[in-house]
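Chemist: Residues per chain, in single letters:
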Amino acid sequence: MSQTIITGKVYVAGDNIDTDQIIPAKHLVYNTHSPEERKLYGQFAMSGVPEEKSGLPKGGIKFVKDGEFESEFSIIVGGKNFGCGSSREHAPLALQVAGVKVVVAQTYARIFYRNSVDGGFVMPLESVDNVFKHFSTGDQVEIDLNSNKITNTTTGKSFALRPLGDAADIINAGGLFAYARKIGMIKSKIPPAGQKAEANV
Amino acid sequence: MGMTITEKILAGHSGRDKVVPGENVWVNVDVLMTHDVTGPGTISIFRKEFGDDAKIWDKDKVVVIPDHYIFTEDQHAKRNVVFLRDFVKQQQIDNFYDVGTPDYKGVCHVALPEEGYTRPGEVLFGTDSHTCTAGAFGEFATGIGNTDAAFILGTGKLWVKVPQTMRFVFDGRMPDYLMAKDLILRIIGDIGVDGASYAAMEFAGDAVHNLNIEERMTLCNMVIEAGGKNGVISPDEETMRYVKARSDKPFNAVQNDPDARFAFEKKYDASKLAPLVAKPHSPENVDTAENLSGVKVDRVYIGSCTGGKLTDFKAAAKILNGRKTVVDTFIVPATTDVTRGLQETKIDGKSLYRIFEEAGCRIGHASCGACLGGPEDTFGRLNGEEVCISTTNRNFPGRMGSKKSQVYLASPLTAAATALNGTITDPRKYLA
Ligand code: SF4
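Going down the list, the protein sequences come from chains A and B. My numbering applies: residue 1 is where the first sequence begins, and numbers increase by one. My numbering applies: residue 202 is where the second sequence begins, and numbers increase by one.
Since the hints were made in silico from the structure, they are not lab data. Bear in mind the structure is a predicted one, so any value in this text is a computation, not a measurement. Be a bit skeptical, because a hint or two may be false.
[Said to hold, decoys possible] Computed Cβ-Cβ distance ranges for the label pairs, DEER-style:
1) E142/A with E466/B: 30 to 36 angstroms
2) N130/A with K473/B: 32 to 38 angstroms
3) K187/A with P459/B: 40 to 46 angstroms
4) S147/A with T624/B: 52 to 58 angstroms
Ideal Cβ positions, reconstructed from N, Cα and C, are used throughout, including at glycine.
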């Protein structure tokens, strides 16, 4: 990841945000590879979060405004066990399509974390402490990947992030396929339509 | 230092003598399962990365089971199945259980063992979080996303971080008013929805090995509700009997080494536990059915990979036999085999099917049904402010449809007892 400082407006979610809240099951039917239908995942991202919890601490804030496909929030701060529940890769995909770059949470559910990293959708960062209560939806936030720090620019307070650890190689490559090509596990480039890539395993 | 079952399987599948928790290894995959919700995305990624004409790594190791959005008029959902059909044809995959054909099965996690795809010692991945169900057969089984599945389709391999193993031992005789659902809810209530994050959960002890295979599947099914990566039960005679009746492929069953290391161990006396219920909106909000008695519900749902197997319906029928439900009660068999079982299994000479009909239940087609909400016309879906007691595995906000609904999770015995009163009821009341 060449970018080491990421800034944006934050959407605050609490503990145990499950994948049904991130993208409700009834929306899982759109074709992820059709540009027109893919946009719908952005439109309905985070639409399963209960009204009173949508945009903490106040609630009642729409992640994506009615009729729009992208969110004004490019950073999500959550608490514990972010992304628990189903294995739907549509969850990190929906966040990416809505324009989210980074999620910060104290801990993640395993499959969501893996999907975010292997699919190259959003960067899942871990905060050392559970910090979501120190952010209000709409605050301006700065994340510094060099010093592993998230700063609430609106309040001036900073919090420590954990280093990326062994997921960094895949994140830096841009996802599992890019990584596998880099280490020679898949030999050829993404094939032009109609041709076959060679797996070297 | 010895290895646990999970460590041994991962070592064996990555060409190593030994692995330790925390290590990343590339494992060879024995079976990859996908279904109608996550299959199309997986296939699109496979085609993009490997080419439109690329062949999958091994067509005999891929199993395609449409089960989620089946009995619906939703056009997008129907299109997903068409997408699967095209791919299956292109790749000449025989292991396909298409809707509208005699091969149709229903819920993947119950269909896999019934059709002989679960074997001790193997590595199974599926594009569904409840793939962990198959740990009941002493194998490594876990859910993955579309990108990982597409990677397997092309290479037959995937990286795995070796999990540490947490051990849950149930000793003592399990009373007839308890089911596997009560045991797993007890654990989740104790350790929380992230209590086993990244870990393997092993279930052991006499009470576990006295359970039949379907009940063991219920235990492993809800491992993901505690954040676990996989569940595992050491294979025994019951496992071998079940597997060998359905698969003639050789396999290599493994056991824990005597000096295997567990990150955590907790012991329970099964004879002392009570029927449990998880309150809205989290599987960890556990209380006893007794403490919750009197809470009004307006719907009962008995179905899903967790609570829609024949054992589950036998239990429900035991309570509903000769009695009348007082709230809407939905019966959704997990698979077509289970549907057949409802006709063929009898209590006092009456089929389970008839018992449910006479009790006033509505019986649906084998599928995931309303377990995950699904399209609005889904059988049993919660479309408003319903309060439902359900034998499924998740009660997150909106999981069964409407964000305004409330779901209580319980065993089929507790759900059936509740159906007779319209308020949460401890099944002991009907089992005296
Ligand atoms: S029955 Fe429910 S939990 Fe099981 S696979 Fe279907 S949707 Fe998932």
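Chemist: Hint by hint, work out which the structure violates, then give me just those numbers in ascending order.
Modeler: Violated hint (a single one): 1; every other hint is consistent with the structure.
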